[in-house]
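Undergrad: The chain contents come next:
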Amino acid sequence: MSNNNKYLIFLGCAVPYRVSSYEISARKVLAKLGVELVEMPEFNCCGLPLDPVSHEMMLILAARNLAIAEQTGLNILTLCPGCAGTLKKVNKTLKEDKVLREKINTHLKESGLEFKGTTTTKHIMQVLIEDVGIDKIKKAVVKPLTMLQVAEHVGCHLLRPKSVIGFDDPEDPQTLKTLIEATGATCLDYIDETECCGAPSVGVSDKIALQLARDKLNHVKMVDAQALITICAFCHIMFDTNELRIEKMFSETYGIPILHYPQLLGLALGLTPEELAFNELRVNTSKLLKQVNEGAK
Amino acid sequence: MTENATTTTSKEPIKASEFDPKFKYELIKMHGGEKLLKCYQCGTCTSDCPIARYSDDYRPRTILRMANLGLKDRVLKSNTLWLCAACYTCTDRCPQDVEVASVIRVLRNLAAENGCVPQVFKDQASCILESGYAYKIPDLRIKKRETTGLPPLPKGNPESIRKILKGVSFMKHVEGSKGETNEQQ
Chain A
1 MSNNNKYLIF
11 LGCAVPYRVS
21 SYEISARKVL
31 AKLGVELVEM
41 PEFNCCGLPL
51 DPVSHEMMLI
61 LAARNLAIAE
71 QTGLNILTLC
81 PGCAGTLKKV
91 NKTLKEDKVL
101 REKINTHLKE
111 SGLEFKGTTT
121 TKHIMQVLIE
131 DVGIDKIKKA
141 VVKPLTMLQV
151 AEHVGCHLLR
161 PKSVIGFDDP
171 EDPQTLKTLI
181 EATGATCLDY
191 IDETECCGAP
201 SVGVSDKIAL
211 QLARDKLNHV
221 KMVDAQALIT
231 ICAFCHIMFD
241 TNELRIEKMF
251 SETYGIPILH
261 YPQLLGLALG
271 LTPEELAFNE
281 LRVNTSKLLK
291 QVNEGAK
Chain B
298 MTENATTTTS
308 KEPIKASEFD
318 PKFKYELIKM
328 HGGEKLLKCY
338 QCGTCTSDCP
348 IARYSDDYRP
358 RTILRMANLG
368 LKDRVLKSNT
378 LWLCAACYTC
388 TDRCPQDVEV
398 ASVIRVLRNL
408 AAENGCVPQV
418 FKDQASCILE
428 SGYAYKIPDL
438 RIKKRETTGL
448 PPLPKGNPES
458 IRKILKGVSF
468 MKHVEGSKGE
478 TNEQQ
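Chains as they are written, first to last, in my numbering: chain A, 1 to 297; chain B, 298 to 482.
This is chain A alone, in the form it adopts within the complex (with noise of 0.2 Å):
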């Protein structure tokens, strides 16, 4: 399975759920690039979230959604870093452990499924640095966003663990400064770039999730980034929709819209911002939007 244009996209539940805004975008900014998408079937929730109370139970429900996947001959796009991780962890897994496949394999079997090992997943950031390129990408650029600033945060599960994930490196990521860099903007850098959003937490202990998406902000504002780039929906449900909410909480204004890094690339690519979804997101975007048009003159 080697076709680099053409994946299965797999939704995971947070995107559909809560953050339309960034599946808009990365469909367009894909449209845009040559990359087709092809709906998975009947796929399932990764497996993910019921992890830490049944391992047993993520590993079938994961290798479901790659058995699915490898029916179809396409390999896997994910929006999602946590679907993206959970997909290659189990598929490496399941490919090493023969004993834990057969077991597994004894569960899908039930529903006439079974898993071969013959799928890869990916998540965007990696399909848009490996398949697409960035030569590619900076050759489709049409409105270079020279006048931004901005700051990353690429997260958790993107890259952790660094053993199943196998592409850029956790402690110093690469990736999406590139990637961001490739728009004609400035990435910055700053304090604790890559600490957790605290999006885990959310229900647990919101006291903790939003203390640490406080510090983040924080570090953000002191390098006066004109945005935050951000490449999943926890994450982006963290900041955008929490922001205002931190803001009251520990009395401090930080005003930095959250953008998904589909829509920043998408202005370059001359998209407009009602195409990327703009609409959607929960901090004012106007100034920034205005600096760009302007800076682009």
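You can trust all of the hints, since none of them are fake.
Label pairs and their in silico Cβ distance ranges:
1. A/103 with B/307: 36 to 42 Å
2. A/71 with B/433: 25 to 31 Å
3. A/280 with B/310: 52 to 58 Å
4. B/331 with A/71: 29 to 35 Å
5. A/166 with B/344: 25 to 31 Å
Because the hints were derived from the structure by calculation, they are not lab data.
Note that beta-carbon positions come from the ideal geometry of N, C-alpha and C, so glycine has one too.
Once you've looked at the hints, dock chain B against the given chain A.
TA: Coordinates of chain B only, in the frame set by chain A:
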């Protein structure tokens, strides 16, 4: 979260009767727990843990020590266990390659097995059984996809999901699973 739940930093004196010397051997047989015994308590996991920074109780090093000592009940009944964000920083940086996050996941799985399951996981599991998705996606959202130019949301296959999950012991905690547990096999 659960009745009689404790934290792993409880100041209650530890009684000799609390130790289960075989607990660690139970853990190292589980997928992800294999390398627990290699932990030499250096503290890299705790010092690099984003949650430990903000929590007074959550210390991965303490949890691993307690597991190795056999303080089974204290660990499995603690609320603290559920604070791990599964960011895998500890796993990536552990000089002994213990896979700390996986050991903590193994402990959580055991806690769940013993009946300590935070509600959020039960809810997500029953959503998955119902629709394939971990959340109840509102009809409005599904309809809105059309107007925003998105393709229809693929329908899940609950029947297939139920079939493959037959015999999974966690199903006993899931509402609407029709008791498809080990006992029924």
